[in-house]
Amino acid sequence: MSDYLLDESPLSLGVIYRLLSGTVCPRPIAWVSTQDKQGNANLAPFSFFNVASVNPPVLAFSPLLNGSGELKDTVRNLKDVAECVVHVGSEGLIEALNTTSASLPPGEDEFALAGLEKAEMSGVSVPRIANAPVAFGCKLFDMISFGDQPLAGTLVLAQVVSIHIDDSLWDGRHVDMDLLKPVGRLAGSDYIRISDRFAIERPA
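Note that full-length UniProt numbering numbers the sequence shown so that position 199 is 199, with each residue one more than the last.
Everything labelled a hint here was simulated from the structure, so no lab data went into it. Treat the hints with caution; some may be incorrect.
Said to hold, decoys possible - Under the rule of at most 25 angstroms between Cα atoms (straight-line distance), these lysine-lysine pairs were calculated in the BS3-like manner: (1) Lys139 - Lys72; (2) Lys118 - Lys139; (3) Lys37 - Lys118; (4) Lys118 - Lys79; (5) Lys72 - Lys118; (6) Lys139 - Lys37; (7) Lys139 - Lys79; (8) Lys72 - Lys37; (9) Lys181 - Lys118; (10) Lys79 - Lys37.
The structure presented is a predicted model; accordingly, all values stated were derived computationally and were not measured.
With these hints in hand, go ahead and build the complete structure from the sequences.
Following this line, the structure appears as structure tokens:
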């Protein structure tokens with residue numbers, strides 16, 4: 001067994017990242033579109049992602065600074081245009097999702113890179129992925145920076161103002177997981193499907 005008191009036995013950033021990403025999993029994937037002041041679209045996946053609140057409905061995701069301590073385009077764009085669309089990473093679009101994780105110069109369009117068509121999203125000016133089964137149009141609620149060092153996160157709290165969902169997935173009460181086929185992120189290059197799942201009744 002190993003114990004690390006980080007103030008006394010500091011681990012490298014790479015080791016901490018591998019420990020966190022390898023143990024806090026599986027993680028859902030937020031596939032986030034934003035745009036800059038000139039209207040250039042950006043699309044990027046983030047696996048530090050979850051629901052933060054239901055009333056009001058708020059999603060939380062955290063882009064990390066790169067190895068040089070530079071902001072991702074997503075965060076820069078949110079400072080310019082305080083809106084985004086959060087899509088659920090699903091198996092049917094996983095190759096395109098992976099393509100949009102590439103590092104492109106600011107202003108270059110990951111929609112075009114991945115061959116994805118844009119569609120209007122109600123309530124926001126940012127486009128959604130036309131064939132994504134689920135998308136949440138969001139206004140920026142808050143953004144919290146954890147510093148300017150490499151791999152520091154920026155916690156984005158995005159308030160949901162509109163929802164797009166394929167009618168085949170949603171009966172008004174339940175989402176059909178077998179049709180949505182969301183994927184989770186593990187460590188390294190590994191992802192996980194939800195094809196093996198089980199249920200346990202919660203205590204009263």
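Comparing the hints with the structure gives:
no., hint, in the structure
1, Lys139 - Lys72, "18 angstroms, holds"
2, Lys118 - Lys139, "19 angstroms, holds"
3, Lys37 - Lys118, "18 angstroms, holds"
4, Lys118 - Lys79, "22 angstroms, holds"
5, Lys72 - Lys118, "21 angstroms, holds"
6, Lys139 - Lys37, "15 angstroms, holds"
7, Lys139 - Lys79, "12 angstroms, holds"
8, Lys72 - Lys37, "16 angstroms, holds"
9, Lys181 - Lys118, "21 angstroms, holds"
10, Lys79 - Lys37, "10 angstroms, holds"
Hint compliance for this structure: no hint is broken.
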